[in-house]
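A.B. asks: The residues making up each chain are set out below.
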Amino acid sequence: KQEVTQIPAALSVPEGENLVLNCSFTDSAIYNLQWFRQDPGKGLTSLLLIQSSQREQTSGRLNASLDKSSGRSTLYIAASQPGDSATYLCAVQYNFNKFYFGSGTKLNVKP
Amino acid sequence: GAVVSQHPSWVICKSGTSVKIECRSLDFQATTMFWYRQFPKQSLMLMATSNEGSKATYEQGVEKDKFLINHASLTLSTLTVTSAHPEDSSFYICSASRGEVRNQPQHFGDGTRLSIL
Chain A
36 KQEVTQIPAA
46 LSVPEGENLV
56 LNCSFTDSAI
66 YNLQWFRQDP
76 GKGLTSLLLI
86 QSSQREQTSG
96 RLNASLDKSS
106 GRSTLYIAAS
116 QPGDSATYLC
126 AVQYNFNKFY
136 FGSGTKLNVK
146 P
Chain B
-7 GAVVSQHPSW
3 VICKSGTSVK
13 IECRSLDFQA
23 TTMFWYRQFP
33 KQSLMLMATS
43 NEGSKATYEQ
53 GVEKDKFLIN
63 HASLTLSTLT
73 VTSAHPEDSS
83 FYICSASRGE
93 VRNQPQHFGD
103 GTRLSIL
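These protein sequence lines map, in sequence, to chains A and B. Using this note's numbering, you'd call the opening residue of the first sequence number 36 and step up by one each time. Using this note's numbering, you'd call the opening residue of the second sequence number -7 and step up by one each time.
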């Protein structure tokens, strides 16, 4: 059974800190892994997509890594800002229509 | 800007009513769209895969007669919650990708919050 776990469930940091969000998955035969941001009551915004053949992707202050063999991905946020406060979800795609989402990490960046 | 539009964003209706939710890809054609359900403080659960011109593929445990999906064009998929009851109250979100599902990020609509009284 494929499972996706995110740790921690919640995180509160002061503005300016660098932080790491973790995502682990039980089945390493993935197509890709995607990180999303979800604001309260809203849909999901795609942040980074990592193909199974890739090790990492970067976009601005965000860097996502993928280690398929160990079933792990991390999302690194540099110099966090209050506007980064949201819930961050990772999702793993196993085949054409099988997406599994983690339960998310709720991030609060304090000014 | 948004690439996937979902409408309506909020619905409140009486028990027994059928509710239709639309999901549109705004500037690309999507042969496949996905419908998810999210309960409060929980993650997304895939309900079904909507295929243009053919029947939707439902996940285990999702009633196909309860949640009717129609993907009549390359830019529009609809989810109809038939004879809705309070337990159907949830946040429904659709997604689509620009190209091959495997290689392109999923773009999500803003979701529809359904409240059944």
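Take these hints with a grain of salt, some might be off.
[Unchecked claim] Subject to a maximum C-alpha distance of 20 Å in a straight line, what follows is the list of computed EDC-like cross-link-like pairs (lysine to aspartate or glutamate):
(1) A/Lys133 with B/Glu79
(2) A/Lys133 with B/Glu51
(3) A/Lys141 with B/Glu55
(4) A/Lys77 with B/Glu14
(5) A/Lys77 with B/Glu44
(6) A/Lys141 with B/Asp102
(7) B/Lys56 with B/Glu79
(8) B/Lys33 with A/Glu38
(9) B/Lys33 with A/Asp74
(10) B/Lys33 with A/Glu52
(11) A/Lys77 with B/Asp80
Simulated from the structure, these hints should not be mistaken for lab results.
A.B. asks: None of the hints should be skipped; say for each whether it holds.
C.D. replies: Hint-by-hint comparison with the structure:
For the suggested pair A/Lys133 and B/Glu79, the alpha carbons sit about 25 Å apart, so the restraint of at most 20 Å is broken. Simply put, A/Lys133 and B/Glu51 have alpha-carbon atoms about 9 Å apart, close enough for the 20 Å limit, and the pair holds. A threshold of 20 Å between alpha carbons decides the hint, and for A/Lys141 with B/Glu55 the separation of about 31 Å lies outside it, so the pair is violated. For the hint pairing A/Lys77 with B/Glu14, the CA-to-CA distance comes to about 16 Å; that is within 20 Å, so the pair holds.
A threshold of 20 Å between alpha carbons decides the hint, and for A/Lys77 with B/Glu44 the separation of about 26 Å lies outside it, so the pair is violated. For the given pair, A/Lys141 sits about 18 Å from B/Asp102 by alpha-carbon distance, which is consistent with the 20 Å threshold. Between B/Lys56 and B/Glu79 the CA atoms are separated by roughly 16 Å; this keeps the pair inside 20 Å, and the hint holds. For the hint linking B/Lys33 to A/Glu38, the alpha-carbon distance of about 18 Å falls within 20 Å, and the restraint holds.
With a C-alpha separation of about 12 Å, the suggested pairing of B/Lys33 with A/Asp74 holds against the 20 Å cut-off. The suggested pairing of B/Lys33 with A/Glu52 is violated, with an alpha-carbon distance near 26 Å, which exceeds 20 Å. Taking the CA atoms of A/Lys77 and B/Asp80, the gap is about 18 Å. The hint holds against a cut of 20 Å.
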